[in-house]
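Single-letter residue listing:
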Amino acid sequence: MLKLNKRDTMLFVIVTAMVFLAPFLLNPFPQGSSMAQMFNAGYPDLMQRFVIFGILVIGFNILFGLTGYLSFGHAAFLGIGSYSAVWMFKLLSMNIIPALILSMIVAGIFSLVIGYVSLRRSGIYFSILTLAFAQMSYNLAYSVLGNPSSNYNLTNGETGLQLALNDPRVLDGAAAANGALPVTKLFGLAMRDSYNLNVGGWLFTFNVGYYVAGILMLISFYISIRIFRSPFGMMLRAVKSNQQRMNYTGLNTKPYTLAAFVISGMYAGLAGGLLSSMDPLAGAERMHWTASGEIVIMAILGGVGTLIGPIVGAGFNEYFKNILSKINDGVLHQWLSFLPDGLENFIVGILHYFVGKGWHLTLGLLFMMVIIFLPGGLVEGGQRLAKMFKRKKTDDGSDSNNTPAE
Amino acid sequence: MDQILLQILNGLDKGSAYALIALGLTLIFGTLGVVNFAHGALFMIGAFCAVTLQRILNISTVTTDPTKTDFLGNPATIKTPVVETWFGPEMGASIIDWSVPLAILFAIPIMAAVGFIMERGLIKHFYKRPHADQILVTFGLAIVLQEVIKAFYGANPIPTPAPEAFRGSFDFGTYLGYEANAIIYPYWRMVYFAFSAVIIAAVFAFLQFTTFGMVVRAGMADRETVGLLGINIDKRFTIMFAIAACVAGLAGVMYAPINSPNYHMGMDFLVLSFVVVVVGGMGSLPGAVLAGFMLGILEAFASMNQVKAIFPGIDQIIIYLVAIIIILTRPRGLMGRRGVMEE
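Protein chains in written order, with our numbering: chain A, 738 to 1143; chain B, 894 to 1236.
Below, in silico cross-link-like pairs of lysine-lysine (DSS-like), each with a Cα-Cα straight-line distance of 25 Å or less:
1) A:Lys991 with A:Lys977
2) A:Lys922 with A:Lys827
3) A:Lys1127 with A:Lys743
4) A:Lys1094 with B:Lys1043
5) B:Lys1128 with B:Lys1021
6) A:Lys1063 with A:Lys1094
7) A:Lys743 with A:Lys1124
8) B:Lys1021 with A:Lys977
9) B:Lys1043 with A:Lys1058
10) B:Lys961 with B:Lys972
11) A:Lys1063 with B:Lys1043
12) A:Lys1094 with A:Lys1058
Hints in this document: simulated from the structure, not taken from any laboratory.
One chain only, chain A, in its complex shape:
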């Protein structure tokens, strides 16, 4: 089906099913229960973040996973995509299609230029070059290009670029007659519209924005599978394993790596455009280099060079960020109330630093653990577990699907 082999088809079908059934899967606890408040993730904002960051990391994985070039500046493309999309909403129409197309094109152009320059070096120099470009974009967006009194106010600096009532919006015309800001939409469907389904105690929310982003993620995922399995993908893997040898055979690897860089830049642009489509506000902090670091963290957590890894990593990161930041001391006391008081207070006192506002610390530690003990990420962890359970079978050759490309 779809020109995929059997295993990939399976994987794609599973991912598709998970994307479509996510409102059910992520809401395992009935509405109003204490578990629901903590662990239910089936609300639109979070689900949108799952799939949008999924797209971003899938794109990053095409570059880092296949070619081994570690870019520390990918957040720049995300930010550029966000800004382009908001500008499209301001100038042309609230329909997200032109916005997404523009954000991909602009991010593509930027990544073409940045990639052309950065890819002249490899290894750590490449990382630092991309880092330098990203920091340049961030600094410019924050200072000159964001100064409301200057002539080049493209980004609106610290406040962030947002919609205004007096924007031209050429195609929409006088839609804003009632004095409210218009909402982003796909033709007639507003992104923020949701259909709520009550079944027993459960509340399932089907959000338009989520499904639009989800379908785009599936398309991105499909393209990424095809790239992984294509001769082009083979070439990129060859670059990763030994670029010098490729050059000795008389092959110019530059166009291949540049193509991978531009593709992953466009993925990031699309993700940025989608972020703006869900909430038309773009700020420069999306481009800061620590945001690029977070993309790398997501990719590593999931498993670099695997197909499913990026989605796992993005989902895991966003989900735990969400849960950990919700747990506070009160919740901890409630959970640990079975312990003797002194011990309870002691444990809560320690855990206090790891949850709530301290979720960064937990994710940082987790990230370090993964790099130290599981270089293949959670996907490798899953494979190791699976292997442990079916050690008797000896046909290990068939797991070509998920082996990290090295």
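Position chain B against the provided structure of chain A, taking the given hints into account.
For chain B alone, kept in the frame of chain A given last:
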């Protein structure tokens, strides 16, 4: 002319910080071959050593004075720092006043310990892993350290004043024949520059004139051969890591009065110091120092209004532009050795 002089002076203090951090980074890269993204965090920890000492010195005993009342009518409370009761009021007050310079003594053992633990506990296991893994694990460590500091000291910058004696500004211009206040320069920045010059000189002297330094330099050139000669090079490299951590930490301690320490100052400095290392040449100590001062001064010039009028925003990107040009045209940097990290 006075403008030019002023910008050079302005560039010196930032350049000193860049040079010190880049020196530590280069020491680590040159000896261990590890790209340490947690080096900015070490700088930050140093700055927080100054904060901590300031807080320790300000631990006070609280007494109430029944003869006076505050504006609510309650008896006034008098806080007497413990040091003042120990050393007498005058001596105690001046100890508190000099807390930042005293923090140098306080920071050295702490930074050495942090560096030692970091190298033995984590980085040792990453020698054989690719550079990308080293970058990532130290990046993770930087996040963790930063969050730990944030958990204990909060997210706001903590003002850490310099001693009273250095708080004013020095009227540099009058000595050179300019009118008063044409070129003024804060005393503390002069102290910072002198301090960094001393540290840099000390590191170079240590490497150049001691046997230990000679062995380390030999190890930087060819680790394997030094190992074959029966010298425990790993142990020496660990000590070098601790020294590099100390250098970064001291740079942070002395920087605290210039820029109130906050938990993300390390991340802000890290990228720039990496750029400095690359411009100077990976693994070249003089290169790191030269590039640090050069970029600091360039940045100061770029932030002149006359320059900004021609190229808006140039002050924000000048360092990165220089780095990009250097990496593309001369990948081994200004003073890098031929063949080291040249690809």
